[in-house]
Amino acid sequence: MRRIDFRRLPAPAAWKMTAAVIGVLSLTGLAACGDGGTTGQPGHTGQSAGTAGQTSAADAGDDAGAGDDAEAVDVTQSVSGLSAAGYTCSSETCTRTEAGVDYTVSLSEDELEAEVRETGSQTALHPHYDTLLRELGQAVEPGRYAGMDWDAIREWANAHADSDDHDTAAGDWTVSARFDDTSGQRARQLVITRS
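Those letters in the sequence shown? Residues -31 to -1, 1 to 164, per mature numbering (1 follows the signal peptide of the UniProt record, and there is no 0), in order.
Errors might be hidden in some of the hints.
[Claimed, not checked] Distance ranges between label pairs, derived from CB positions: (1) E78 x S52: 17 to 25 Å; (2) E67 x Q46: 22 to 30 Å; (3) S75 x S164: 12 to 20 Å; (4) A138 x T57: 28 to 36 Å; (5) R155 x T45: 26 to 34 Å; (6) V44 x R155: 27 to 35 Å.
Derived from the structure by calculation, the hints contain no laboratory data. Built from N, CA and C at the ideal position, the CB exists for glycine as well.
Model the full structure from these sequences, guided by the hints.
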């Protein structure tokens, strides 16, 4: 980088050059802060690691316009992604069975319904539920669902996996976590519907 000797420049030119350099450095500093995960970043909840599990699914849609009709759900892409992850898919429903647990995902432009259900003996469902949520996050458009941050949805769903029913609103969408054991076979569900 070439050094500029400000002493040799006429006074007005030196002032302009100094102001330009200060302006560039200020903008560079702001850009560096913006890339560092500081507050003000989209999707940043400002929570410490100790409260991270208490994130609301509504936080997933904190970006301006999140959950609006402007960002439609790409059902075809999601089905294709689940198929690549080993699911057997029809036009809007994907299934697979692993270690005594059925995975089922039903998709439409207005709803996502995902479930893990034990098929026989008592099985630890939580690892399967988290696997389902992770695979969905990879299958839906990169990290987003209807304008909501998928990582925040996954975190919220895992935090409420053991409750009977838990709902929250996120823009034009309702996100629900459900636990069902009425049929003798336990199931965990995530349902996202357009309000």
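Structure-based check of each hint:
{"no.": "1", "hint": "E78 x S52: 17 to 25 Å", "in the structure": "holds, 19 Å"}
{"no.": "2", "hint": "E67 x Q46: 22 to 30 Å", "in the structure": "holds, 23 Å"}
{"no.": "3", "hint": "S75 x S164: 12 to 20 Å", "in the structure": "holds, 18 Å"}
{"no.": "4", "hint": "A138 x T57: 28 to 36 Å", "in the structure": "holds, 33 Å"}
{"no.": "5", "hint": "R155 x T45: 26 to 34 Å", "in the structure": "holds, 32 Å"}
{"no.": "6", "hint": "V44 x R155: 27 to 35 Å", "in the structure": "holds, 28 Å"}
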